[in-house]
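So the protein sequences, as listed, match chains A and B.
Taking full-length UniProt numbering, the leading residue of the first sequence gets 1, the next gets one more, and so forth.
Taking full-length UniProt numbering, the leading residue of the second sequence gets 1, the next gets one more, and so forth.
Wrong hints could be hidden among the right ones.
Unchecked claim - Among the chain B residues that face chain A by a calculated CB cut under 7 angstroms, a handful are:
(1) GLU41
(2) LEU132
(3) ASP285
(4) LEU286
Note that these hints are calculated values from the structure, not bench results.
Glycine included, each C-beta is placed from N, C-alpha and C at the ideal position.
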Amino acid sequence: MATLGLTCVHLCAGLMGRRAASSLRSLRCVSGMTVSQIDEEVAKLLELKAQLGGDDGKQTFVLKTAKGTRDYNPKQMAIREKVFNTIVSCFKRHGAETIDTPVFELKETLTGKYGEDSKLIYDLKDQGGELLSLRYDLTVPFARYLAMNKITNIKRYHIAKVYRRDNPAMTRGRYREFYQCDFDIAGQYDPMIPDAECLKIVYEILSELDLGDFHIKVNDRRILDGMFAVCGVPDEKFRTICSTVDKLDKMLWEDVKNEMVKEKGLTEEAADQIGEYVSMQGGMDLAERLLHDPKLSQSKQACAGLTDMKQLFSYLQLFQITDKVVFDLSLARGLDYYTGVIYEAVLCQTLQAPTPAPAEQNGAVSGEEGGVSVGSVAGKCPAWGRKQSCQQRRCAPQKLKFWWPQHRRTFWKRDSG
Amino acid sequence: MATLGLTCVHLCAGLMGRRAASSLRSLRCVSGMTVSQIDEEVAKLLELKAQLGGDDGKQTFVLKTAKGTRDYNPKQMAIREKVFNTIVSCFKRHGAETIDTPVFELKETLTGKYGEDSKLIYDLKDQGGELLSLRYDLTVPFARYLAMNKITNIKRYHIAKVYRRDNPAMTRGRYREFYQCDFDIAGQYDPMIPDAECLKIVYEILSELDLGDFHIKVNDRRILDGMFAVCGVPDEKFRTICSTVDKLDKMLWEDVKNEMVKEKGLTEEAADQIGEYVSMQGGMDLAERLLHDPKLSQSKQACAGLTDMKQLFSYLQLFQITDKVVFDLSLARGLDYYTGVIYEAVLCQTLQAPTPAPAEQNGAVSGEEGGVSVGSVAGGGRYDGLVGMFDPKGRKVPCVGVSIGIERIFSIMEQKAELSAEKVRTTETQVLVASAQKNLLEERLRLTAELWNAGIKAELLYKKNPKLLTQLQHCEETGIPLVAILGEQELKDGVVKVRNVATREEVDVSRAELVEEIKKRTSES
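Using the sequences and the hints, build the whole thing.
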C-alpha cells in the first residue's frame, strides 16, 4: 500500500500537539484510564442505554431533522443552484475537472488525520462489517483518491457535504452537515503560476457572485516563520504565537500583545518587533522593501517567501487582479499544515443578520479555530497546500443565503519508496 | 455528578423487559442512570479518549473505499452530469421544484417504514447524542418533509444518494451507496391527470437519454388485489402471492405456478386462474374487456382500477405516448405501499456487459426485491397512504411518483462511452494558450486572463518555458479543440496564431479579433 510520505506524518504530528490537556482534570475516573478502558466503559454505558430503550422508544413520527442538519426548501435550492452554477462555471473556465467520493470512508482512512478534532467525526455503528466514518472534509478523501489511482497531476474541484459533530454550546448556529467546495491543483509545477490562478479564480467567483466589495489578503508561512525567528520567538512557540497573531482580525493590538507577553511568555521587545511587522500591508513594493529589511533579510526562509511573493504579484498584475489583493503580514490563520503562500478573501461589508450567523465553517483540517470571522472567505496557499474556507451566513430581511465555497490547493508529496 | 437512586432501578428493570436482568448486574455503576445521564457520561469519556489520542494513531492511508461504494472519476462525472442535465431539464419542463434533505435522519423517522429491509439500514454509532441512520430512500424523507412543513401540494424532484447495507453475496455488483432520482406529485387532484404526466415524463427522459427502445408496463394495485380475490386467494396471502407473480419477468410461468402452489399453498385452480389473467397485455381495449369479464367485474376494487386505467389511457393518447405503454397484468412489483396505478419502464435491449451490471436499485420503499431485472430503468406508482403515516393527525396527502433507475442508466452510458470511438471529455476548455518560444510566460498569462475575462474557457501550462509539442499533446489528450499560439514575430505583428487541433490548420488572427474568432469557432462545433 502506498504511503504518502513524510508530509503526512508531519501533518499529523503537528496537528496533535496543539491544545493543552487542561480539561483532563475535570473528568471523573481520569487517572490511569487507557483508551481501551474507555472503550469498554463507553460500550457498557451504551448497552445500558439501549436497554433503557435508546432515546425514548416512541412509536410516533418525529417531525424533526437531526440536530445540526436541515432540509433545503425549493427557494433555497434555487439560490443554491444559482451559486453552484456560477462557481462551477468559473472552475470549468479554468479547465478543472471534478470527482466525487463516498459519503463515508473506512474509519482507518480518517484516523489520525484531524488531531483533536477527531472527536467531531461521525462514526457509523459497528454492524458487523467494516468500521466506517462520515467524511470530515474533502481533503483526506482527495488524498486517498490520488494515492489509490496513482495520480500525480490533477486540477479538480469537489463540491459536497461534510459532517462534523460540533458541540452546539460552543458554536451556536453551526451546522453538522454542510457543504464544502474545494478546488485543488496537485502536481509539480513552476512556482507561483498555479498559485496565481487560484487567486484569479477566487477573484472571479467573488466578483460574479456579486457579494459586494471584497479583498484578498496574502501572506506566506515562510515569511511569518522567518519574522518570528528574527524577532526572537523561540522555535517551539512559533505556532502558538501564530494563533495569537491570528486574533488581530478580532482583537486590538494591545490585547494581542498582552496575550503574547503575559500568556505566551514572549519578551515585550519581541512582541513590539512583531507588532511593527504585522501592521504592514502592501503589494509587490512591500515584498521588495522587506527583502532589504536589515532584520528580516537575515532569514533565508523569509527571503524565499518574499521572493516568491514578488513573483506572485507580478503574475497577479498580468491577471489584472492586484486591485483587490493585499500582501498582509498579519494573516496567520490555519497555519498548521500550510507550507508556503496563504490567502484569505474577506468581504468588506457585511449585511445585518438578525439571527447570529452560523460560525464560520472552514474546511481546515483541525488547525482552524474558526471563530466568528463574519466576513471571511478564507484561503491560504502554501507551496504545496492552499486552502480557502467558507462561511455560511443568512440575511433575513432579503431572505438571501450567502455561501462561500472553499477552494484549496494541495499537493501531497509521494514517498519515493 | 448524577446521583443514583432506587426508583431508577425499577425503571430499568420494568421498562423494557426485553433482556434478562442478569446482564444488568455486570454493568458498573448501573443503578439509577437515566438516558441523558448516560449520554453525558459517554460524552465525557469520548472526550477523554480523544485527548488520549483516539484509536490507534496509525499514520498510513488505507487505499480502499468502503465496501459497496466507489469514487466517481472525472469521466464518470462528465457522464453523470450529462445524464442529470437531461433528467433535470425534463423535470423543469414539467414545472417541478426540488428539495434536499440531510443524509441522515433520526433513527425513529426510519423505524417501521421498510419492513424486513430495515436490517439493511446503516445506523450511526451512538456517540452520546441522538440515534441516527443514513437515509434508505428519498420517499420517507419526503413524507417527513411534507408533514413537517404542513405541505399538501407539491411537485418535486430530488436527486441524491441513498444507503443500503446490501449483502453482496445475494446481490453481486449492487452498490451500498447509490443515486436515486425521484419525482413525485403530492396533492389531491382529479384522478389520473398527474399519473399521466408522470408517465409522460418517464417517456421523455428515456427517449432523450437515447438508451434504445423501451416500453412502460402499467397495472393497478386494485386490479391485482381484485384479481386475487376473484381467483380465490385468501386475503392474507395477497402480498406473498404478489411477490411470486412479480417473478414472472425472471422465471417461467411453470416455476411461478409451482411456487404459488407448492410453497405458498394456493390451490392449483386458483393458480391457473391467476395464470390466465397475468398473461394479458394490451391498452385501453384490454381494460374495457376486463370490465366486462364475468369474474373480475365482480370485484369492486378491480372495476375501480379498470375504470381509472381506461381514463389513464385516454390521457396517454392525448400525450401521444401510447406507442410505448402497455397495460400488463403481470406487473406486480413493489406493491407494499402503492395504492393505485403502478408502472415500470423496461429497456428492450440491453448492451452486453463484460462485468455484471449493478442490480437494479430502484427507489421503492421495501417492497422492491430488485433482483437482477436487468432491463428495468424506472418504476413508480400511486401511494396515497404514506404521508398520512407521518402526520400527527393522520392527514392524508395522496402522492404519485416515479423513481428513475439512475445507476443503471449511468452504467449503460458508461458502457456506451467505452464502446464508442468518441472520447469523453472531462474538461470543457476551449483553447490552450501556448507559446512557441522561450520567455513568453508573461504574454501567455496576459492573454489567458483576457480570454477568461471574456468568458472563454482557457488553460495554460504551468511552466515558464514549455515545449510546443508538450502543449499540443496536452490538447490532444484532453480534447481541447483550439490552441492560441504566441510567438515573438506574431507579437510584433499584433496577431495570434490560432490552430485547430483536429485538422492542424493554423491561421493568424489579430489580437483585437481573437476573442470573437474563438467564440465563433467554439459555437460552431
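Check your understanding: Any CB of chain A closer than 7 angstroms to the CB of B:LEU286?
Key -> Status violated, d = 39 angstroms.
Practice item. Under 7 angstroms, Cβ to Cβ, is where B:ASP285 needs to be relative to chain A, so tell me if that hint holds or is violated. Key: 41 angstroms, violated
**Study point:** Agreement of hint B:GLU41 with chain A interface, Cβ distance less than 7 angstroms
**Key:** 6 angstroms, holds
Exercise for review: Report holds or violated for the interface hint on B:LEU132, using the least CB-CB distance to chain A and a cut-off of 7 angstroms.
Suggested key: Since chain A brings a Cβ to about 5 angstroms from B:LEU132, closer than 7 angstroms, the hint holds.
Hint violations for this structure: numbers 3, 4, all remaining hints satisfied.
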